[in-house]
Amino acid sequence: MKALDNLVTSPNGFGFRADTGEVFQLNATGREMVAWLQAGESPDEMARKLAETHGVPLRRTRCDVTTFLEHLTSLDLLDSHEN
Amino acid sequence: MKTNLPLVAVTGLGRGESPQPGAAVVTSLRRRWPDLRIAGLAYDAMESGAYAPGHPEITFTIPYPSCGVQVFLNRLDEVREIFPFDVLIPTLDAEMEPLMSLRAQLDRRGIRCLLPDRTAFKSRRKENLEDLAMAAGVKTPRTFGAHDAAAAAAHAAILGRVMVKGVFYEAMRADSPAQARACAGQLLAEWGGPVLVQELIEGSEYDVLAVGDGEGGMLGSCAIRKLVVSSRGKGYAGMTVRDAALTEQVKSLMQELRWRGPAEFEFLRDSRGEYYLIEINPRFPAWADFPAALGCNLAAAAIQQALGWPVESLPAIPPGKVYLRHSTDIVCDAEDLGRLTSEGQTLLHPAKS
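Protein chains in written order, with the working numbering: chain A, 1 to 83; chain B, 1 to 353.
Calculated directly from the structure, the hints in this document are not laboratory data. C-beta: ideal position from N, C-alpha, C; glycine also. Among these hints, one or two may not hold up.
What the hints assert, rightly or not - Selected chain B positions facing chain A (in silico; Cβ < 10 Å):
{"#": "1", "residue": "P98"}
{"#": "2", "residue": "S231"}
{"#": "3", "residue": "K234"}
{"#": "4", "residue": "V241"}
{"#": "5", "residue": "D243"}
{"#": "6", "residue": "L246"}
{"#": "7", "residue": "G338"}
{"#": "8", "residue": "R339"}
To be verified - Restraint ranges, calculated between C-beta atoms of paired labels, are given here:
{"#": "9", "chain 1": "B", "residue 1": "E127", "chain 2": "A", "residue 2": "H71", "range": "42 to 48 Å"}
{"#": "10", "chain 1": "B", "residue 1": "E248", "chain 2": "A", "residue 2": "G40", "range": "40 to 46 Å"}
{"#": "11", "chain 1": "B", "residue 1": "E130", "chain 2": "A", "residue 2": "H71", "range": "35 to 41 Å"}
{"#": "12", "chain 1": "A", "residue 1": "H71", "chain 2": "B", "residue 2": "D35", "range": "34 to 40 Å"}
{"#": "13", "chain 1": "B", "residue 1": "L200", "chain 2": "A", "residue 2": "P57", "range": "48 to 54 Å"}
{"#": "14", "chain 1": "A", "residue 1": "R60", "chain 2": "B", "residue 2": "D131", "range": "54 to 60 Å"}
{"#": "15", "chain 1": "B", "residue 1": "D35", "chain 2": "A", "residue 2": "A39", "range": "46 to 52 Å"}
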């Protein structure tokens, strides 16, 4: 989780890595999920929270969380073993 | 304290297409000591920093060091009859060797000059960078020196895609030996030899400005990622970063060099996150005032060190601060340009920042 710990996000969704200066744009849900990951939440817990917050089936939010974690991995923000 | 402030002279005031560091250094020093008296030393009356807001109170023209060190020293003596500066801050690469050869004469005149030790200076030269990097445990691209275009092409045939670098300035990318030959020919004609043929590393550019204490430590540093790079390789925007791996590499290089004064360390970071040292500039960079604007005044610290004054601990700079270089038009009187051109000095109206 080290790289993700270096990701600083602002309320408007602009994010940058404090160690490398790489910049990202996150939507509201992405910002929410990054905050949960930085707080140490598990993918299952994140999916549960998303389902509750947005009123969508758990099977769908599990899929969304997996896709998001894969995307973070492709950006080197997560190691592959972390998702 | 005000009466004890030294008189300072700074070179490299041009802020055009290829911005020089002097005007940024002047701005940093004025942040720390608003009443500091500063003279500009210009090679050309068109160096815009002589006229820009916050300009030195007086600017003198000086001859290029290539005219000979004695001519250069004679001009410094003439300048000191009018403005007896105590500290000289050279900011251009080509000034360093001539000034190092004048160190004893400068010492005799009581001039403190921000210059590194000669051994350290040589160790960071482009042709010695691989040895230095190895000693410091830092990666650097494979590099060969070439004294003619054919040799540059032969090295490129071994290395693949390369950067061909001039001995002092400029770097050109070459994707084939034929291109390397052409680039080397151009750089040799412009800057002399040797050119350096360096393995191309694809990645983002990172720079670290640091001031060494001469004993292997640092007074302070600022690391940035270049966000915008001009066609001439100049950083036109940068963001502060805080990466322990990058800082450790600079500390290790400083330790190895026992560098005294300012230096700019240039790195590339590849897709695997590995840093490669590509150059060490023995001076402040053109973005020298960026850290000072964030509370870490490295130019002031360098002056304090040169004068043997205590240097207060410099704050760490937060990541995520950005500078954007902004070109603007300076308005001045033709009379001022004329005085600098024909009389060799111009005393301008009180500096306004």
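So, going through the hints one by one against the coordinates:
The restraint placing B:P98 at the interface with chain A is violated, with a minimum CB-CB distance near 36 Å, outside the 10 Å limit. The beta carbon of B:S231 is not positioned within 10 Å of any beta carbon in chain A (closest approach about 21 Å), and the interface hint is therefore violated. With its C-beta approaching chain A no nearer than about 17 Å, B:K234 sits outside the 10 Å limit, and its interface hint is violated. Against a cut-off of 10 Å between C-beta atoms, the interface hint on B:V241 holds, since the closest Cβ of chain A lies about 4 Å away.
The interface hint given for B:D243 is met, as the beta carbon of that residue sits about 4 Å from the closest beta carbon of chain A, less than 10 Å. For the restraint placing B:L246 at the interface with chain A, the shortest Cβ-Cβ distance is roughly 8 Å, inside the 10 Å limit, so the hint holds. A least Cβ separation of about 45 Å between B:G338 and chain A goes past the 10 Å threshold, and the interface hint is therefore violated. At about 44 Å, the closest approach between the beta carbon of B:R339 and any beta carbon in chain A exceeds 10 Å, and the interface hint on this residue is violated.
At roughly 44 Å, the beta carbons of B:E127 and A:H71 sit within the given window of 42 to 48 Å. For the pair B:E248 and A:G40, the beta carbons lie near 27 Å from each other, so the given range of 40 to 46 Å is not met. A hinted range of 35 to 41 Å holds for the C-beta pair B:E130 and A:H71, which are about 39 Å apart. Between A:H71 and B:D35 the beta carbon distance is about 55 Å. The supplied range of 34 to 40 Å is therefore violated.
For the pair B:L200 and A:P57, the beta carbons lie near 50 Å from each other, so the given range of 48 to 54 Å is met. About 59 Å separates the C-beta atoms of A:R60 and B:D131, a value consistent with the hinted range of 54 to 60 Å. Distance hint for B:D35 and A:A39: a CB-CB separation of about 51 Å, consistent with the stated range 46 to 52 Å.
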